[in-house]
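**Student:** Since chain W is already given, all that's left is putting chain D on it; use the hints.
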Amino acid sequence: MANEAAHAADAHPADAHADEHYHPQWSTYWKVAVVLTLITVVEVWIYYIPSFVASKLFVPSLLIMSAVKFAIVVMFYMHLKYDHKLFRALFTGPLLIAIGTLFGLLFLFGKLAIRLGLGAG
Amino acid sequence: MASAAIPDPHHAADAHSHPPTTTGLNHRKIAVWAFIGSECMLFVSLISTYLIYKGRSIAGPYPHEWWCRATNTIGKTAAELGTCAPAETFKPILNIPVTSASTFVLLMSSLAMVLALAAVENADKPKPTGTWENILRSSKTWLWVTAILGTTFLGFQAYEFTSFVHEGLTIRTNLFGSSFFTLTGFHGAHVTVGVLWLLALLGIDYKRGLKPADALNVDIAALYWHFVDVVWIAIFTLLYLIQ
Numbered sequence: 427m428a429n430e431a432a433h434a435a436d437a438h439p440a441d442a443h444a445d446e447h448y449h450p451q452w453s454t455y456w457k458v459a460v461v462l463t464l465i466t467v468v469e470v471w472i473y474y475i476p477s478f479v480a481s482k483l484f485v486p487s488l489l490i491m492s493a494v495k496f497a498i499v500v501m502f503y504m505h506l507k508y509d510h511k512l513f514r515a516l517f518t519g520p521l522l523i524a525i526g527t528l529f530g531l532l533f534l535f536g537k538l539a540i541r542l543g544l545g546a547g
Numbered sequence: 091m092a093s094a095a096i097p098d099p100h101h102a103a104d105a106h107s108h109p110p111t112t113t114g115l116n117h118r119k120i121a122v123w124a125f126i127g128s129e130c131m132l133f134v135s136l137i138s139t140y141l142i143y144k145g146r147s148i149a150g151p152y153p154h155e156w157w158c159r160a161t162n163t164i165g166k167t168a169a170e171l172g173t174c175a176p177a178e179t180f181k182p183i184l185n186i187p188v189t190s191a192s193t194f195v196l197l198m199s200s201l202a203m204v205l206a207l208a209a210v211e212n213a214d215k216p217k218p219t220g221t222w223e224n225i226l227r228s229s230k231t232w233l234w235v236t237a238i239l240g241t242t243f244l245g246f247q248a249y250e251f252t253s254f255v256h257e258g259l260t261i262r263t264n265l266f267g268s269s270f271f272t273l274t275g276f277h278g279a280h281v282t283v284g285v286l287w288l289l290a291l292l293g294i295d296y297k298r299g300l301k302p303a304d305a306l307n308v309d310i311a312a313l314y315w316h317f318v319d320v321v322w323i324a325i326f327t328l329l330y331l332i333q
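Chains as they are written, first to last, in our numbering: chain W, 427 to 547; chain D, 91 to 333.
The following block holds chain W by itself, in its conformation from the complex (with noise of 0.2 Å):
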């Protein structure tokens, strides 16, 4: 992976053909579906860990482990990491919005006004 990514790095700025159209080899491919299937099974596994889930520990795990496979699969599935900046600002522009609504929303509706303490007054 690091040989491709520096394939991509030397491709020249200003060519937007070249930005537009390195995609990594099969192999990387492969190793990228064997580390999505590996953090499905920890997800998955954590889920049926009744001590794991009563923690504290047991959300921001799972929104971790699945933001790492939402980048995984956008970077190298999408070839958003190989790709023109253009098309990165078209996916995580509204992509940020739409979060940054998300999270207005939750707060709005008291979701998040409770674990914050907020909400009790």
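Just so you know, not all the hints are guaranteed correct.
What the hints assert, rightly or not - In the DSS-like style, the derived pairs of lysine-lysine whose C-alpha atoms are separated by at most 25 Å in a straight line are:
#	chain 1	residue 1	chain 2	residue 2
1	D	Lys166	W	Lys537
2	D	Lys217	D	Lys297
3	D	Lys215	D	Lys301
4	D	Lys181	D	Lys144
5	W	Lys482	D	Lys144
6	D	Lys144	D	Lys166
7	D	Lys297	D	Lys230
8	D	Lys301	D	Lys217
9	D	Lys166	D	Lys230
10	W	Lys537	W	Lys482
11	W	Lys457	D	Lys215
12	W	Lys457	D	Lys230
13	D	Lys217	D	Lys230
14	W	Lys457	W	Lys507
15	D	Lys215	D	Lys230
16	D	Lys166	D	Lys181
17	W	Lys482	D	Lys166
18	W	Lys537	D	Lys144
Please keep in mind that the hints were generated in silico from the structure rather than gathered at the bench. Owing to the predicted nature of the structure, the values given are computational and were not obtained by experimental measurement.
**Tutor:** Same frame as chain W, but now just chain D:
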């Protein structure tokens, strides 16, 4: 601007070559990324609705809790319900093993899709001698695998929806049912569109063969398919695993 519009002879025969544009990028690919960005907003709004309604249903069945219909009490275990008749006792409705299997199927379909794209991009290279290399270079194989895995995922979803209805949860039962079926139903509809798209690509592949010149068409379908996959990654965690 003008310089960007000059065709680059280096890329004249490139698989992704397209008419000159002011950005130097293909307009169709820009459009599909903009579409995916808008789809992000659609699905986040549906996920927001689910999360806001979570825990606000006044009657069961519930996703992770046991429910006694007669007394309308809930508990983490069946024992917490006290003396509740078996006919009035409802177990947690979500089936994590089945959904974990369907999640794995969808993740593997993304692998097959990206291998299909790689096969189309390399279609004009000399034919390999090894069996495995031949399989890797067969776009038909990987498109079939992707479509079959997508259909398997839909089968899992149909099984899940049917079992939920048999267990007393419909889209009209409670807030959980409404938001759950709306969100997962929208996702299932997207997967269905993706499978039809893949079958259309397969039809083209059988009719005249997909060449590197068609790589952009496959790339756009692949972007849509992977997007459907990443949406499910979020849904699996937020709806199924987080209690």
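**Student:** Work down the list of hints and note, for each, if the structure agrees.
**Tutor:** Comparing the hints with the structure gives:
no., hint, verdict
1, Lys166(D) / Lys537(W), "holds, 21 Å"
2, Lys217(D) / Lys297(D), "holds, 20 Å"
3, Lys215(D) / Lys301(D), "holds, 10 Å"
4, Lys181(D) / Lys144(D), "holds, 17 Å"
5, Lys482(W) / Lys144(D), "holds, 19 Å"
6, Lys144(D) / Lys166(D), "holds, 16 Å"
7, Lys297(D) / Lys230(D), "holds, 11 Å"
8, Lys301(D) / Lys217(D), "holds, 14 Å"
9, Lys166(D) / Lys230(D), "violated, 48 Å"
10, Lys537(W) / Lys482(W), "holds, 16 Å"
11, Lys457(W) / Lys215(D), "holds, 24 Å"
12, Lys457(W) / Lys230(D), "holds, 22 Å"
13, Lys217(D) / Lys230(D), "holds, 15 Å"
14, Lys457(W) / Lys507(W), "holds, 16 Å"
15, Lys215(D) / Lys230(D), "holds, 16 Å"
16, Lys166(D) / Lys181(D), "holds, 10 Å"
17, Lys482(W) / Lys166(D), "holds, 18 Å"
18, Lys537(W) / Lys144(D), "holds, 9 Å"
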